[in-house]
Amino acid sequence: MDVTIYHNPRCSTSRKTLEYLREDGLNPTIIQYLKDTPTKEELRALFDQMGIPVHRGIRTKEAEYTELGLSEDTPEEELLEAVVAHPRLLERPIVVTGKGARIARPSINLIDEIL
1 MDVTIYHNPR CSTSRKTLEY LREDGLNPTI IQYLKDTPTK EELRALFDQM
51 GIPVHRGIRT KEAEYTELGL SEDTPEEELL EAVVAHPRLL ERPIVVTGKG
101 ARIARPSINL IDEIL
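Okay, so the sequence shown: first residue is 1 according to UniProt numbering, each after it adds one.
Keep in mind that the hints were calculated from the coordinates and are not lab data.
Treat each hint with caution, since some may be false.
Claimed, not checked - Distance condition first, Cα-Cα at most 30 Å in a straight line; then the derived BS3-like pairs of lysine-lysine:
id: 1; residue 1: Lys99; residue 2: Lys35
id: 2; residue 1: Lys35; residue 2: Lys16
id: 3; residue 1: Lys16; residue 2: Lys61
id: 4; residue 1: Lys99; residue 2: Lys16
id: 5; residue 1: Lys35; residue 2: Lys61
id: 6; residue 1: Lys40; residue 2: Lys61
id: 7; residue 1: Lys99; residue 2: Lys40
id: 8; residue 1: Lys40; residue 2: Lys16
No experiment lies behind these values; they were computed from the predicted model shown.
Build out the structure end to end from the sequences listed, making use of the hints.
Next comes the structure, spelled out in structure tokens:
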């Protein structure tokens with residue numbers, strides 16, 4: 001099974017999710033999104049695959065969120081542009097398979113339905 005994880009190695013939840021996938025016998029493609037930031041188009045496709053509004057995949061407690069004046073009312077295109085410019089805003093980790101994509105937060109169990 002092809003599996004991709006949008007990963008931040010400094011995030012304990014992201015590390016636990018990667019470990020969970022490997023323990024399940026999977027060898028996921030790892031995208032360290034802070035170094036290899038997805039394009040706006042890639043992010044749009046990712047959110048469409050998850051079936052959630054962009055704001056639900058934004059880390060609202062990051063300083064950039066407040067500094068940029070973002071809110072639930074910010075248009076999705078602006079949110080996507082903000083994530084491209086400030087990738088720390090992207091919620092993590094995100095796991096993608098042929099069955100769909102999920103943010104593995106608050107529980108790794110959220111990804112079980114796409115494995």
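Structure versus earlier hints, numbers of those that do not hold, lowest first
none
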